[in-house]
Amino acid sequence: MGSADGRRTQLLRGALDLCLLAVIEEEPAYGYEMTRRLRERGLSIVGEGSIYPLLGRLERDGYVETYRSASNGGPPRKYYRPSEAGRRALAAGVAEWRSARDALDAVLGRVAVEVAA
Amino acid sequence: MRPFVEDCLREWKRLGVADPAANEMATDLEADIAEAEADGGSAEDVLGVEAFDAPAFARSWAESRGLIPEPAPPAAPPSRFRRWYPVAGIAACLLLALFGVLLLVAKPTKHVTIAAQAGFVIPPRIQKLGPGVPPRFRFVKPGPGGKFLPGARAVIVPPVNPGPDLDIAGALFLVFGLGGAAGFAYVLVRRGRGTPATA
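Residue numbers (the numbering used here), protein chains in the order written: chain A, 741 to 857; chain B, 23 to 221.
No lab work stands behind these hints: they were computed from the structure. Treat the hints with caution; some may be incorrect.
Computed from the model, here is a short list of chain B residues facing chain A with C-beta under 8 Å [stated by the list, open to error]: (1) Asp54; (2) Glu57; (3) Ala58; (4) Val68; (5) Phe79; (6) Ser82.
What you are looking at is a predicted structure, and each value in this text was computed from that prediction instead of being measured. Heads up, the beta-carbon is just placed ideally off N, CA and C, and yes, glycines get one too.
With the hints as extra help, turn the sequences into a complete structure.
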């Protein structure tokens, strides 16, 4: 049986693209800003690798659009926002995620968990 | 520029990434790391474990953006046909060779015509005893209703047209059968060593 860290990595790997689309759907962001927003919500990607290759894939597949804009006092940054295809993919992905989560909850939710202090 | 970003830039150039794209990625990366450090963090906060392997990170990012060709996916396992066709080929070729050997060794006796002379009512059946010049024969028994009288003579008439030379045909089957079997065995051995066969 895999370790808790390994399982978390696997779960995150399958949903990280949705998370990225979700945070830039709220407001366009550049690379590090996305990392920071995810971390603020308890989703630290440190140890999982960076978001850049995933962003590159989303860009290549047409799920995000980019533009350059000045950041707060810094150099111009490359901002990402979801394209129309990206919004559709986000909606479909979230529906799939919720369906999978509900099915897992129906099974795992019955398990009484005692966490050692 | 930070050493990590310089290493990435070097790797992108080595991989043939166009300068505008490489410079853009380097600029973004430099700015993100600088901002993370200003927040009290480090490059690891931006890059995770990839902060320790600049070439791998650079390659991964460039591949994902489609700036360089992605590595080919692992080859699919060979189909059942691809797995077994050398073995089937060897078996078929050995059968061919065996057929050639049979042609060489067990040649059918050439038909011999005998002309009836005095004493034969119906030409008797004869059997060839073996090779030699002249060939030797013996009478097996007279044909149905035949009658062999002492002192009668049989004149052997050589076959007019013996047909294709079975020796040559047998030798050809043997050579091509063994050659084919050796070829398929070569394919089988190379595949076993993991080297893709070009045949």
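Verification of the supplied hints:
1. About 4 Å separates the beta-carbon of B:Asp54 from the nearest beta-carbon of chain A, less than 8 Å, and the hint is met.
2. Using the Cβ-Cβ criterion of 8 Å, the hint placing B:Glu57 at the interface with chain A is satisfied: the shortest such distance is roughly 5 Å.
3. For B:Ala58, the shortest C-beta to C-beta distance to chain A is roughly 6 Å, which falls under 8 Å, so the interface hint holds.
4. Of the supplied interface hints, the one on B:Val68 holds, with its beta-carbon coming within about 6 Å of a beta-carbon of chain A, less than 8 Å.
5. A distance limit of 8 Å between C-beta atoms decides the matter here; for B:Phe79 the minimum to chain A is near 7 Å, and the interface restraint holds.
6. Annotation: interface hint on B:Ser82 holds; nearest CB of chain A at approximately 5 Å, less than 8 Å.
Figure legend: structure checked against the earlier numbered hints; every hint is met.
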